[in-house]
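Visitor: Residues in the sequence shown are numbered from 662 upward in steps of one, following the working numbering.
Honestly, the hints are just simulated from the structure, not real lab data.
All figures in this text were calculated on a predicted structure; none of them were measured in a lab.
Do not take every clue at face value.
What the hints assert, rightly or not - Using C-beta positions, here's what the derived DEER-type ranges look like: (1) E766 with K705: 19 to 29 angstroms; (2) Y835 with I793: 28 to 38 angstroms; (3) E763 with K705: 43 to 53 angstroms; (4) K710 with E752: 34 to 44 angstroms; (5) Q795 with K733: 31 to 41 angstroms.
Ideal Cβ placement from N, Cα and C applies to all residues, glycine included.
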Amino acid sequence: MMNIFVINLKERLDRKEYIVKELDYHKLSYTIIEGINGWNLDRKDYNIKKIGTNGALGCFLSHQMCLEKVIKNKAPFGIIMEDDIEIITPEFMEDTKNLIKELPEDWDICYLGSTESWKKKWSYKVASVEPINQSCSRLKGHHYGTGAYIIRKRAIKKIKFYPIPCAIDIAFNYWGLVQYIATPNLIQQKASWGSDTQTEIK
Numbered sequence: 662m663m664n665i666f667v668i669n670l671k672e673r674l675d676r677k678e679y680i681v682k683e684l685d686y687h688k689l690s691y692t693i694i695e696g697i698n699g700w701n702l703d704r705k706d707y708n709i710k711k712i713g714t715n716g717a718l719g720c721f722l723s724h725q726m727c728l729e730k731v732i733k734n735k736a737p738f739g740i741i742m743e744d745d746i747e748i749i750t751p752e753f754m755e756d757t758k759n760l761i762k763e764l765p766e767d768w769d770i771c772y773l774g775s776t777e778s779w780k781k782k783w784s785y786k787v788a789s790v791e792p793i794n795q796s797c798s799r800l801k802g803h804h805y806g807t808g809a810y811i812i813r814k815r816a817i818k819k820i821k822f823y824p825i826p827c828a829i830d831i832a833f834n835y836w837g838l839v840q841y842i843a844t845p846n847l848i849q850q851k852a853s854w855g856s857d858t859q860t861e862i863k
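Kindly generate the complete structure, drawing on both the sequences and the hints.
Guide: And the structure:
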């Protein structure tokens, strides 16, 4: 069984409505996780080494909450998604299962897609990506964006969440996780919506 956890802020009913339709259309089984709105937090209450905005803090804590849920489930890995992604393959579950079979044994985390900004960075940082096969490439360095990814339970057990080192996407590399990305991508983030980690939710 593949456990899918989807992060959604209670203030974002528009995104919840969207992502439910998206996932239901693809006949996926999932659990909506109420995310943490970092803009309502006081940074002094958290053990932070370095992080940008309060939105990034909330994002980190929301993903931590999902990672802890993956640990508690029986499956050896889980999928974590954000509510601003769109699935760009018609056979998402089948393609994801095939991807897992094709991943090298050392994988810890595999991103299912990227932000547009990462694709632009990727285009001239070719040395940071090592093609492995027709399904995936290995990442050398940190990835931008956590729209959707598969992560192994054993990898989460290696993570020390505190002090919070940096934004969650950069932290996966900081923690030494072996990272891959699906090629071609299975999802993409809706860049036109902007980021709640960078702009305060009104």
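Visitor: Compare the structure with each hint and give your call.
Guide: Status of each hint after checking the structure:
no.	hint	in the structure
1	E766 with K705: 19 to 29 angstroms	violated (43 angstroms)
2	Y835 with I793: 28 to 38 angstroms	violated (23 angstroms)
3	E763 with K705: 43 to 53 angstroms	holds (45 angstroms)
4	K710 with E752: 34 to 44 angstroms	holds (41 angstroms)
5	Q795 with K733: 31 to 41 angstroms	holds (34 angstroms)
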